[in-house]
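A.B. asks: In case you want the letters, here they are:
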Amino acid sequence: MRYIRPQSIEDAVGLLAEPDGTAAILAGGSDLLVRMKGGFIEPDLIIDIKAIHGLGEIRETAEGFSIGSAVPCAVLGENAALKKAWPGVVEAARLIGSKQVQGRCTIVGNLCNASPAADSVPAMVAAGAKAVVVGPSGRRTVPVEAVPAGPGKTSLAKGEIIEAILLDKRPPHAGDAYLRFIPRTEMDIAVVSAGVNLTLDEKGTVKTARVALGAAAPTVLLVEEAAEVLVGSKLDEAALERLAKVCSGACRPIDDKRGTVEFRRKVAGVLARRAATTAYKRAGGK
Amino acid sequence: MNFDPRYSARSFNSVGTRPIRPDGVDKVTGRARYGADFNMAGQLVGRILRSPHAHARIRKIDTSKAQMLAGVKAVITAADLPDLTDGDAAMYDILDNCMARKKALYDGHAVAAVAAVDARTARQALKLIEVDYEVLPHVTDVDEAMKHSAPVLNDSIFTEGVEPRPAKPSNISKRSQFGHGDTEEGFRHADKIVERSFRTEQTHQGYIEPHACVASVSSDGTADLWVCTQGHFVYRQHCAQLLGMEASKLRVTSSEIGGGFGGKTHVWAEPVALALSRKAGRPVKLVMTRDEVFRASGPTSATSIDVRIGARKDGTITAAEATLRYSCGPFAGTWAEVGAMTAFACYRLENVKTIGHEVLVNRPKTAAYRAPSAPMAAFAVESVIDELAKEIGMDPVDFRIRNAAQEGTRSSYGPVYGPIGIGPTLEAVKNHPHMKAPLSRNQGRGMACGFWFNFGGQTCTDLNIGADGSVSLAVGTIDVGGSRASLSLIAAEELGIAYEQVKAVVADTSSLGYNDMTDGSRGTFSTSMATISAARNAIKTLRERAAQMWDISADDVAWEKGHAVAKGGKHGNLGKLSLKEIAAASGTTGGPIAGHSELVADGAGVSFATHICDIEVDPETGATRVLRYTVVQDAGKAVHPTYVEGQYQGGAAQGIGWALNEEYIYGKDGRLQNPGFLDYRIPVCSDLPMIDTQILEIPNPNHPYGVRGVGETSIVPPLAAIANALSNAAGVRMTHIPMSPPRVLAAIEAKQAG
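Chains as they are written, first to last, in full-length UniProt numbering: chain A, 1 to 286; chain B, 1 to 754.
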């Protein structure tokens with residue numbers, strides 16, 4: 001097994017594109033190392049991206065925020081501007097694992113691990129986040145929801161790596177929120193989850209909405225019908241009821257060791273409603 | 001020397017204080033050595049190949065490719081562990097469980113093992129072993145396994161305890177029955193009868209330290225084993241028997257233990273490590289992974305239980321019955337029998353009957369888990385007791401007080417009780433401020449009682465007094481909960497010296513006579529008795545040496561507060577001699593001073609507890625949160641109250657996990673779906689409130705200081721206490737443990753749907 005710590009993203013792409021053997025990217029390692037230790041994978045090459053310039057930084061730009069792919073989730077919580085603009089994304093990132101895990105794990109790792117239950121992903125999808133993908137044929141920007149292709153699978157081509165996650169600058173009267181259900185209080189994996197992102201007009205009417213569900217289908221679900229239910233409302237009880245119903249209906253969950261189909265359906269609606277209520281309050285709605 | 005274990009009231013100087021534990025600093029600094037921390041020169045890495053099938057005949061195992069791999073020093077199968085059990089069925093089961101002989105009986109059953117120069121080579125070697133399996137139909141569910149249509153795991157099992165003996169083999173290895181009176185007659189006198197069926201899923205002890213050992217077999221046939229265990233003498237006996245060694249040729253040294261809770265009372269990897277070392281001619285270290293611990297150590301039974309209790313309107317129980325079906329894994333056990341004995345032990349009953357069925361399933365061999373079998377029975381019985389109290393319109397505490405067993409009550413499992421604590425714990429709960437604290441919406445309070453037998457057993461202890469007057473206490477019971485501190489307090493008390501002057505160690509199997517395991521809450525009970533006996537023997541020698549120093553008769557020397565005191569008018573001018581002074585002179589008065597004891601600690605007093613629990617339920621998700629929890633339990637005498645409280649809290653914490661989320665989940669393929677702490681959900685710190693405790697002290701008449709075992713009873717009431725709290729919070733009676741959010745939500749929705 002080889003371990004390489006490249007200094008540039010181009011070098012990392014070059015190593016990833018090598019035709020022979022299996023390569024794995026190491027950022028926080030909170031998924032990779034666990035899988036290696038468990039004997040599930042034995043990569044020939046480990047590419048540690050933490051020495052690549054810029055990948056460990058959060059930059060505030062004219063368009064919004066650019067979060068490098070090696071930024072640990074704990075650092076997201078220490079960035080006051082990001083927390084103020086995107087509290088839902090930050091709270092999702094800071095639900096992953098434990099405090100110790102959050103000191104290592106990254107939202108890009110969470111995305112590329114491609115688990116349907118990933119905590120930060122529904123929040124990013126609701127936020128309309130984009131991923132900057134670098135590969136042998138250059139750079140491209142894709143919506144976050146285009147990255148996971150199924151449990152454990154991504155749409156990234158051989159040699160491609162995500163350099164950063166982009167989040168837009170916030171207009172006034174905007175708020176997001178993320179909630180997940182776990183049977184314990186921490187150190188757990190979402191049984192089902194919901195991310196909601198709203199912008200309101202001056203009067204508190206919802207102008208735009210994005211609603212995403214996690215652990216409800218093989219990949220994160222962006223529920224457009226749920227957004228339609230909210231837009232134009234002031235999040236009255238009837239709108240919330242319809243939101244819950246639409247979200248429950250949109251689920252395509254499975255029965256497994258973490259929950260049943262019925263449970264996930266019902267709780268997806270409950271969480272969407274509660275997350276929408278929080279997002280609305282954060283946006284200044286009353 | 002005759003030892004009188006009877007209790008006599010006295011005041012204490014050391015016992016009842018809370019000094020820091022002697023093993024504390026090493027444990028918090030990482031210096032303490034656990035099972036995997038021991039290493040030997042030239043040591044190999046052992047790994048075990050496990051069956052991926054729940055039930056399969058092993059046609060052939062080809063190890064030739066693995067043996068050819070560079071770095072592999074030994075490969076073994078069942079053929080390397082020949083059957084030396086000589087008709088001992090229980091030992092044969094242990095052998096068959098350590099390494100499958102003809103059939104793999106559960107997912108994770110060991111089928112072969114390798115020893116190699118490093119872990120990578122060992123892992124590669126496992127992949128090169130070819131096992132030809134004939135996959136057989138399997139059954140993992142306890143009720144399914146009892147059906148006539150179920151695949152029979154072992155066609156030599158004919159239900160024991162049934163007349164006439166069944167003509168056909170089945171998965172029911174034994175039927176047992178307990179009770180007295182006439183229950184049908186009793187039910188005829190009942191005004192209300194509540195009858196319900198319950199299920200509990202299989203749980204694991206969840207000890208943080210996996211099984212680990214280093215085995216080293218010498219070419220002269222002697223061997224050493226360094227191992228994490230609750231009973232190194234028992235491990236020695238089992239390993240020696242399985243490997244065909246004389247017990248005295250195998251020295252077993254116990255490591256510090258990162259939790260056992262009954263799960264380290266059984267050998268799994270140790271005979272395999274010894275067999276690998278014997279074949280390789282080098283030491284072998286074998287450490288189980290967490291996955292292996294879940295799949296192939298000894299979880300507790302899954303159960304299915306029916307309970308029927310009848311009472312008159314005045315609150316008197318007229319009859320009680322239970323039928324208990326407990327899974328044993330693929331080997332015969334007595335788990336349901338123990339459940340049947342404990343089920344109604346808290347109550348004074350005229351008519352009671354319990355029936356136990358031991359059920360074989362394709363799951364790992366059941367092992368003890370803290371008050372084994374009692375929590376599930378208590379869950380079922382205490383749930384019905386609560387419901388019945390409601391039916392007759394009586395407060396659940398008062399209902400229990402009215403029917404509680406007392407001194408002189410004939411227990412449901414036979415013996416007549418001496419002085420016991422069930423009544424006092426209930427009275428303490430009735431008067432506890434917790435019972436009067438206000439509750440909010442979606443919150444509920446529940447309470448429940450629990451019983452455990454406790455055990456005494458064979459114990460051997462040495463107490464050695466150094467020339468500097470310090471005391472080393474060598475015990476043979478593993479310290480799982482602070483017993484070295486407690487036993488040092490006992491030695492200090494009896495000798496009349498300071499706690500700091502005593503250092504207790506757990507001796508290896510070559511340094512002391514046989515000791516039973518630390519199980520049955522016996523560690524402090526039995527070894528404190530042996531320590532008192534050893535100290536009294538040492539005091540006899542100390543008096544003789546003082547008499548020699550004074551040149552008077554030993555009969556004229558008494559032992560008071562750590563000093564020899566000359567008695568009688570003619571010796572009035574002699575000063576006192578301290579233990580230190582007598583020890584300093586020992587070289588010239590007859591050599592080292594020591595006290596030895598060997599005894600069977602009979603009369604472990606039975607133990608009772610009553611718990612109170614407040615929970616909050618989220619009616620939209622079924623999530624529950626424990627808000628407040630109180631344990632009231634009889635300790636007889638709390639030697640080191642902090643560690644008694646620790647036992648109360650630990651048992652409650654494990655019970656809460658069991659009640660709410662812990663369970664073995666098997667797929668249709670008979671494979672365990674959640675062999676890890678991610679999906680086998682033990683509570684994390686933030687899941688639990690601070691668990692409040694109240695120690696009652698009702699002296700055990702069969703121990704000099706009145707001590708009772710305290711380790712296990714605390715896990716018995718939580719399942720029922722939480723179920724009862726949930727019933728009060730959400731109006732649903734949960735009959736299936738764990739009460740996980742999907743189950744609770746389904747129950748709430750079913751109730752709402754009418």
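In short, the hints are calculated from the structure, not lab data. Quick reminder that beta carbons are idealized off the backbone N, C-alpha and C, glycines included. Some clues are possibly wrong.
To be verified - Some chain A residues close to chain B (C-beta under 10 Å, calculated; not the full set): (1) Tyr3; (2) Pro6; (3) Leu95; (4) Arg170; (5) His173; (6) Arg184; (7) Arg264; (8) Val267.
A.B. asks: All hints, please: hold or fail.
C.D. replies: Outcome of the hint check:
no.: 1; hint: Tyr3; in the structure: violated (15 Å)
no.: 2; hint: Pro6; in the structure: violated (26 Å)
no.: 3; hint: Leu95; in the structure: violated (13 Å)
no.: 4; hint: Arg170; in the structure: violated (30 Å)
no.: 5; hint: His173; in the structure: violated (28 Å)
no.: 6; hint: Arg184; in the structure: holds (5 Å)
no.: 7; hint: Arg264; in the structure: holds (9 Å)
no.: 8; hint: Val267; in the structure: holds (5 Å)
Checked against the numbered hints given earlier, this structure breaks hints 1, 2, 3, 4, 5; the rest are met.
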